[in-house]
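Below are the chains, spelled out letter by letter.
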Amino acid sequence: MANHALFRPQMTGPQPVAGEKIKRQDSPLLNASDGVFADRVFAWAILACAVIVLAILVLIVWQLVSRSQLSWHAFGWKFFWGQDWDPVNDHYGALPFVYGTLVSSLLALIIAIPLAVGVGVFTTEMCPRWLRGPLSFTTELLAAIPSVIYGLWAIFVLVPILRSYVQPFLAKTLGWTGLFEGPPYGIGMLAAGIILAIMIIPIISSITREVLAVVPQHQREAALALGATRWEMIRIGVLRNARAGIVGGIILGLGRALGETMAVTMVIGNRPEIAKSLFAPGYTMASVLANEFSEAAGDLYLSALIEIGLALFLVTIIVNALARFLVWSVTRGQPARARA
Amino acid sequence: MGVGIRVENLNAWYGKTQALQDINLNVQANHATALIGPSGCGKSTFIRCLNRMHETTPEARVEGKVKIGEHDAYDGTSATKLRRRIGMVFQKPNPFPTMSIYENVAAGLKLNGYHDRKHLDEVVEKSLVSSALWEEVKDSIHKKSGASLSGGQQQRLCIARALAVEPEVLLMDEPCSALDPISTGKIEELIFELKAQYTIVIVTHNMQQAARVAEYTGFFLLGRLIEYGKTEKIFTNPSDKRTEDYITGRFG
Ligand SMILES: Nc1ncnc2c1ncn2[C@@H]1O[C@H](COP(=O)(O)OP(=O)(O)OP(=O)(O)O)[C@@H](O)[C@H]1O
Ligand SMILES: [Mg+2]
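Note that the protein sequences, when read in sequence, are chains A and B.
Mind the numbering: the first sequence is residues 1 to 340 in our numbering, read in order.
Mind the numbering: the second sequence is residues 341 to 592 in our numbering, read in order.
Chain B with its partners taken away, still in its complex shape (with noise of 0.2 Å):
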């Protein structure tokens, strides 16, 4: 079951360069939260500041609070204990070329110590299905390797190996910007039926897909957040500025 995530009073640097200022926000349990904004906004660093992967950047640094359900991402517990309940899914897909599928996908728990066979088959099975890949690959996930597949099945695969350890949180960092409209309309159908179960925070571009996937949606600009509430009201009724300008296609 997915968790709520609260983030209170977020700064986030890259060396001496703000990228995050006071960003504070609630992502809803169970829903689809989209984050939009024009490039170089912060999107991703506020993302990645979720699961602590902004300070695997050198001379990256973060202050404020992160709250993933009930637990401080940043009460000095370590990161990838942290990382171990929240999965991400990259703007590139990024199996891993040398690995099965199956290995690909097991990845994640054999990190966590899960080895017996039986276990691990289900569980490849079910994230696989949960992508929507397992029709595709089905007769070859222990012979063709990650590398192989086609973009937009690569991304699944990503997908199925962040879902393969149940995460409680799903970051997408633009997950579909790589792929084919068809693809893009899988993945959209994948995060219309995840949600149920995962907190799904993503990334996008493309407002029709934030529109058509997420409830919630936030407004980033220049490192603040600018607005956020249901993705309707966003889109239908802004109440700033900035935030109906770049809907409306005026600039960005």
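Okay, chain A solo, but in the shape it has when bound (with noise of 0.2 Å):
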């Protein structure tokens, strides 16, 4: 790129004067006042915190993967395809909770996707100006919320509205796909849907928001000119350019949607069955690791929680690396800038 020149580190404090360099070679000491000593220290440090963080990270997978071994041996791959959780014998499947864990997360990208996104496009695209600076900032507020909080407002307001009104009409239209049927409680695998979709959606938004803003004005103009209405410019010279951005923001908000715990623990039901019934209750990952870690008697039951909390770790991890290099391959190291 052509401003790396500007960047090119540079020698900071005073430069020698020709007399001077000799003088200061002899006695290595007066070098500590020049500021070149104090940047190597600046330089060291950053590096130890770059390494420490690393390092946690090798920690964390270390210990999991040690503490894991007891249930891996047991059970090996069967662990991920068995049904049953049962710590009364002492019998250990996960799949119920990588179920609810899909499900629940694959829900809220469903709800979330078209309304994330059309709000990105709302924002930058078509909102009035002096709207766009307040209604990024209120979707961006939506993400500072504590999960709990959703929980809670989740279980006072979505599960009434769901259980009175919004499942028995989906129940009497759509029952016949079997995703609508049995008792209407509200708690269950929809409402943990809809409260991931509402968590997740700043996260898509915000992330669709930067990657449209980057988006050259000459790709609209190339639109509007060939004679494209508004949201055939939208679509060929906006959403177009910036798809990969788009997906790398759904995938963030997917990443964020299968690790989250409290607020869908709240609402879920936490029952480890797999239902094909949205309605029914479920139970996630991150969930079963909540509620049961600190009760888990018994070596192979604890062992087990790990080896689930191992996965999850896993698949976030490559979730979210997998998004940002989307989000980075669009935006390409330029600042997200106010579109002119």
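Treat the hints with care, as some may be off.
Said to hold, decoys possible - Far from chain B by the CB rule (all over 12 Å, computed), these chain A residues: (1) W81; (2) T138; (3) T331.
Stated by the list, open to error - Ranges between beta-carbon positions, derived for each pair: (4) A/G118 - B/Y354: 23 to 33 Å; (5) B/T417 - A/F137: 32 to 42 Å; (6) A/P216 - B/E529: 44 to 54 Å; (7) A/G118 - B/A487: 24 to 34 Å; (8) A/P216 - B/P521: 25 to 35 Å; (9) A/P216 - B/N364: 33 to 43 Å.
Treat the hints as calculated values from the structure; they're not laboratory data.
A virtual CB, placed ideally from N, CA and C, is assigned to each residue, including glycine.
Got two chains here, each in a separate frame; can you build the complex from them with the hints?
In structure tokens:
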């Protein structure tokens, strides 16, 4: 890039003049005063921080791996296919949790993607200038709400609405699909999916906004000059150019949904069963850890929980890395800037 | 076939600043008309008023009359319909980077609702031939993306994209300013051939270029059209002192 030269590290501090140079070489201690020493300390400190972060990561993985050995030896890969989660008989299969995590996250994505991308497109492309700031500010604020608050809100507001209006309606209209049948408790997979959707909308929409903002203005003009309507312009001149980044935002949202614990635990029903109906209660990997870890008696029980933790950890790391890469590939180091 | 353009009492603003004042001008059908003038004098603003791109800038405003052939551009009909009859080539080549060469050229046609494969194939080839790009890319129109071409090739791709919808008018805003002399030469030749079929309005800072490609030339200064007439006359015997000063390089 052209402006690399600007960022080339420069020697700071006074430059020695010719005569002085010799004197300084004689007495290395004097060098400490010209700032080079401080620079070095700083560089080492930064490096140390980076190493510590990496070390923590490695340590976590190592802990999880070593402490889940017992369960791994007992069940092998079958651990992830087993449907029985039976602490009484000390037999563990994690499929209901894997299933619950995947289904609730996918449900969240299905609900959140159109809304979040829509909000992102609306804020960058359509809404009047004065509304842009407040709108993005408010969506961003949504991301700052602690998840236990979302959980509470879900219990007191969302669940009753689902129970008395949404679920009866869905059962009547779409019950034949088998996805919406059974008693409408309110609490269950559907509630978890909806609350997760609300929680990941801010992430997806702010990333969408960011990647749309770096689409060059000349792409919009190219489309308009061809006679594109506004929507066609957004489609071929904007969304198409930003799609990899938007997908990155979606995956980042998925990463958040997979690992989200508190709010989900509060509304999903916490029953380790696999049911086709979204009205039925379920359980997720994160929730079972939160709920059962403190009361897990027995080494195998604990080890099985840790193995779930390891799986969750690996999946979210991979998902996040993928997402960051996609977002990076679109913005490619350009600072997100407000569009002129 | 190209159509003429009539501009009457055209005024344009960005917010409160007026960028064009009382422009009156007749562009001849099937000829090339060059617009010259110092930076900031309103040339881009003027040609963006012809296809109503000016109004896509926030707070921009236009008054006056523009007739493209028989149609009044500002009579309340939709701007998108108007733009489909007018091709535009920008200063900086702006192909769609995620589309292949083929898709780039076909983009305008698809917007117009043409999806017949055979028809698209024909038009894409024809447009790339007329923009003198076909020979260089014919083996890779589906494989290569619009962004993978060189700057000069990208600009010819943009010309092909504009030509594919068979516009009546082709607007070019400094189409060669980002290009090397060889690509510039190619595009000038191209303009020379295209004006048999299209009405071309080209903005340029290069006076030799104006003299080479255009029969008519308009000189803008500070938002006004100072002089307009046959290119020969403007360059050899201008009637306005300011035009003379500009083309002899005494300012600007
Ligand atoms: N988006 C904008 N907002 C506000 N003012 C603008 C904008 N674009 C252009 N202007 C102003 O309008 C005037 C005419 O600009 P225009 O771009 O038409 O000049 P130009 O003749 O094309 O110049 P150049 O040769 O540098 O391209 C200038 O004074 C410029 O500052
Ligand atoms: Mg200009």
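(message) Hint compliance check: list the failing hint numbers for this structure, sorted ascending.
(response) When the structure is compared with the hints, only number 6 turns out to be violated.
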